[in-house]
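Letter by letter, the chains look like this.
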Amino acid sequence: MTTVAQPITRETIAALDLARIRADFPILAERINGKPLVYLDNAATSQKPRVVLDAIANYYEHMNANIHRGVHTLSVRATEAHDAARLTVKELINASDTREIIFVRGATEAINLVAQTYGRKHVDAGDEVLITAMEHHSNIVPWQILCEEKGAHLKVAPIDDRGELILDEFAKLIGARTKIVAVTHVSNALGTVLPLREMIELAHRNGVPVLVDGAQAVPHFAVDVQALDADFYAFSGHKVYGPTGIGVLYGKRALLEAMPPYQGGGDMIRSVTFEKTTYNDLPWKFEAGTPDIAGAIALGAALKYITGLGMENIAAHENDLLVYATEAVGAIPGVQLIGTATERVGVVSFVLDGVHPHDLGTILDREGIAIRTGHHCAQPVMERFGIPATARASFAVYNTKEEVDALVAGIRTAREVFA
Amino acid sequence: MSADLGELGDLYQEVILEHSKAPRNFRKPATANHHAEGFNPLCGDKCSVYLDVEDGAIKDIGFQGSGCAISRASASMMTQILKGKSTEEAAKLFGEFHDLVTGDPEAMKNAADLGKLAAFGGVSKFPARVKCATLAWHTLQSALEDKSETVSTE
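Same order as they appear, the protein sequences are chains R and E. For the first sequence, the residue numbers in our numbering are 1 to 419. For the second sequence, the residue numbers in our numbering are 1001 to 1154.
FYI, nobody ran anything at the bench for these hints, they're computed from the structure. Just so you know, even glycine gets a beta-carbon here, dropped at the ideal spot from N, CA and C. Do not rely on the hints blindly, as some may be mistaken.
[What the hints assert, rightly or not] Beta-carbon label-pair distances, calculated as ranges:
1. E/His1098 / R/Pro158: 42 to 52 angstroms
2. R/His62 / E/Lys1147: 52 to 62 angstroms
3. E/Phe1026 / R/Arg20: 46 to 56 angstroms
4. E/Glu1149 / R/Ala44: 22 to 32 angstroms
5. R/Leu337 / E/Lys1021: 23 to 33 angstroms
6. E/Lys1125 / R/Thr277: 35 to 45 angstroms
7. E/Pro1127 / R/Gly151: 38 to 48 angstroms
So that you can see chain R by itself, here it is in the shape it has in the complex:
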């Protein structure tokens, strides 16, 4: 976890061999508009190391079969590899049991799953769902749909001018009618790290379970769902160096067991007659249909890759980059940083006086630099700061200070174009 003001120790920087890491990611050799690719859009999706690409090819070349069904060798191989991936996920986030790891399409599906199962069972007319003003649309809209269906109310804990949650206000909003709290671990638009332990403790003191959207956290630092005491924890594979189309929902076993299933189909049942169907055990109860087997196995490869590098080393390197980028970008005349929380990871969000983010994005693209411009699927955050959009540079383990320098030079070019 990052404290931006924290001094950087030389030892942590030396711990990662950046040239070797960059060589692990084939796409980083691409040239864009004749320039080397500078990929700073990692909060949207990360690039994939060779081991992940190989895992996908290896699966289809040597073990493609449906899982849990066949007695034949390929099916056994596929099943074993799929189970191993689940174990890797369990270990990464320190869940207590692999049955608590549900494979889904991504964080969005994980949140919808909880809203449509736990939410529909427990939220009634007049009840409340509490979120924060920093949520991605994926942690707003599923709850709005639920609240509309049930006649419940969506409550939103406010943030301050630095982009930090106002904890007192959050605490005040937890009441007798609050049935679930759904909050992000890290803001995708601002990079703010939320004080989850305090927030979860506050909710639990009122007997309210907490869902955490960890999509922007898992790639950047070690997450321990038991230490956090999170009831549900969701993340996407593609933001943590895995493929698109695969993600994870962690849920405490007792909660998952008491929940109705999400989708009906094959794999999620124990026995089916036209009169009665008995549901399967966890985690399969929530995994109807043939899953993205290759995706889960490749996600496992991605998670092994980052644990091999060491989450502490990744966090230290990215913190180094973030401190450097915050200072360098912030020093450009006309730049206003959006989101200046003390605890931040991975993101520098800003606006440039006289240059719309969209124009900046085009100019940087000509220099081979990929950033995200727009509202980042967090329109309420933009509204909070009174702006329609920001430019956002976001970092991954393979980014370098030289790339930050290229970004700074590109922003200066944009200023010249619009001078």
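Given chain R, put chain E in place with the hints provided.
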């Protein structure tokens, strides 16, 4: 603008930069009798177009909103060129402008016929920016048809 910007210079032509910095008809005409709202959900650009139409002629036109240089300049130059034109001419111009920014070879060849709007020919090399250039025009079309819902470029 600084030295040679290559394709960037094609996109951000001098006249486009000038209009984006000092947009013309950036106002709501008091006599406006048609109006529509446009929105580009991708980048958050917003555009309101106001028209005073009498006997099929655009007597006055203005726009308001926030957006990138391309969308502001496009709206500004659109209002300039349409003032005094008939609504049929406006619809025809939209068609020609749309063909130009999407890189239709015929339209590129005849770009000079579009006068100042020819400056938007460079947009065709930047597919991600076509929606910025056409937002004001889509909103205009909606205003002429008196549609009440916000026009979205998505």
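42 to 52 angstroms was suggested as the range; check whether the CB atoms of histidine 1098 of chain E and proline 158 of chain R agree with it. 43 angstroms Cβ-Cβ, so the 42 to 52 angstroms window holds.
For the range 35 to 45 angstroms, tell me whether the beta carbons of lysine 1125 of chain E and threonine 277 of chain R fit it or not. Taking Cβ atoms as reference, lysine 1125 of chain E and threonine 277 of chain R lie about 57 angstroms apart, which means the hint is violated.
Check the following: the C-beta atoms of glutamate 1149 of chain E and alanine 44 of chain R are separated by a distance inside 22 to 32 angstroms. Roughly 29 angstroms apart at Cβ, these two residues keep to the hinted range, so it holds.
Range hint compliance [Cβ, proline 1127 of chain E to glycine 151 of chain R, 38 to 48 angstroms]: Cβ of proline 1127 of chain E to Cβ of glycine 151 of chain R: about 44 angstroms, so the range 38 to 48 angstroms holds.
For the range 46 to 56 angstroms, tell me whether the beta carbons of phenylalanine 1026 of chain E and arginine 20 of chain R fit it or not. holds, 54 angstroms
Could you see if the CB distance from leucine 337 of chain R to lysine 1021 of chain E stays within 23 to 33 angstroms? holds, 24 angstroms
Could you check the hint for me, namely that histidine 62 of chain R and lysine 1147 of chain E are 52 to 62 angstroms apart, CB to CB? At roughly 57 angstroms between Cβ atoms, lysine 1147 of chain E and histidine 62 of chain R fall inside 52 to 62 angstroms, so the hint holds.
Hint check: a violation occurs at hint 6 only; the rest are consistent with the structure.
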